[in-house]
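Going down the list, the protein sequences come from chains Y and W.
Per the working numbering, the first sequence starts with residue 1, numbered consecutively.
Per the working numbering, the second sequence starts with residue 1, numbered consecutively.
Calculated from the structure, these hints are not laboratory results.
Here a beta-carbon is modelled for each residue, glycine too, at the ideal position from N, C-alpha and C.
Watch out, some of these pointers could steer you wrong.
Short derived list, chain Y residues pointing at chain W, Cβ under 7 Å [what the hints assert, rightly or not]:
hint : residue
1    : Leu29
2    : Ala31
3    : Ala39
4    : Gln40
5    : Gly122
6    : Tyr125
7    : Thr220
8    : Lys221
9    : Ile240
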Amino acid sequence: MRRSRGIWSFFIPNQSNNYRARFLHLPVLSAFIFFFLLAQTAISLFALSKPAVLGYSSQIAPEEIVELTNLEREEQGLSPLSLNMFLNEAAQRKAADMFAFDYWAHKSPSNREPWDFFEEVGYDYIYAGENLARDFSTSEAVVAAWMMSPSHKDNIINGQYQEIGVAVVNGTLRGVETTLVVQLFGTPVNPLSVVKEETLVVSSVSKKEAPKSLSPLLITKRVAIFILGVLLGALLVDKIVVERKKVARLCGDNLAHISFLAAVLATILLARSGVIV
Amino acid sequence: MKKKSKRSTIVDYLILGVVLATGVILFLFLPPIKYKKEVGILVMAAFYVFWSIWFHSKRGDLEIKIVLEYIVVAVLGMVLLLALI
């Protein structure tokens, strides 16, 4: 009985907690900061020691982008695109070029077009297209954003394309750490060439190798949302109870804390929603 | 403790709400610029602490314990945002 009252005193102001929810006491608030920093250090150390378990930066996998793109095509009654290693390589080179020359566009500052990368890897095409995305944290979010943009959607559900290549590369663009997603579409001049058979073998191998990993960013995000949820709940309950009991006390203003923490929560939930071109 | 008019308190909260909302919107929709996130987070946290000092001094209950509470909440918000954004 005493223990349950002790737990509730973390949320409900009463005589035992000096009429202030215990979660809102200065030492407990400071402990939240300490706990979060400790959790983050542990996650970072674990990610460094077990890179296969925790993936860096985002949860975007090229295979998922291809799978989701093909799902969208199937819904339109179109045939799925097959993964092509040359298009994958061209996408990798495009991403590397954007990081190297610090730009975010279809055309590079030195006027290099997306098609230059197709030619560079020896992919002769009849039709070709490119979709770009950055700062997304999941493959679903990337494809959903493309599907909401008419020009990107046109590429995804274009019946003339037969093959696809995707690169997901982490790096620093204009001083900001980011994840770039480059999606290339193509229809080869000679679809029955030996090259295509080779690519299909390579693609299936790379698909099997793709590990399903947890993102440290996602774990940190969940811990942060949990902390904010607990504090917002404690602030709300504390405010309601104190207003009902009409207790006078000397402490910070709950409504102000709620506003500030809600702004922090909104920023965490809405940020990194990504950009497409 | 001074008695503040209800209208004055609403204006104080409105100022806080508008500045925080503007901060969030600018943060989310400005193009990625170097140190944008660090500066933005620092400005938002600093504004929150200064607002609290102004608010409680107007209310007549400004105490070091209260300022410390706001500083700890502001630091918590900063730490969470810097880790994630």
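Evaluated hints:
1. Leu29: Interface hint status for Y/Leu29: holds (5 Å vs cutoff 7 Å).
2. Ala31: It is violated, given that the least Cβ distance between Y/Ala31 and chain W is near 10 Å, above 7 Å.
3. Ala39: With a closest approach of 10 Å, the Y/Ala39 hint is violated.
4. Gln40: holds (6 Å)
5. Gly122: violated (34 Å)
6. Tyr125: violated (32 Å)
7. Thr220: holds (6 Å)
8. Lys221: OK, holds: Y/Lys221 within 7 Å of chain W, min 6 Å.
9. Ile240: Hint on Y/Ile240: violated, closest Cβ of chain W at ~17 Å, above 7 Å.
When the structure is compared with the earlier hints, violations turn up for hints 2, 3, 5, 6, 9 and for no others.
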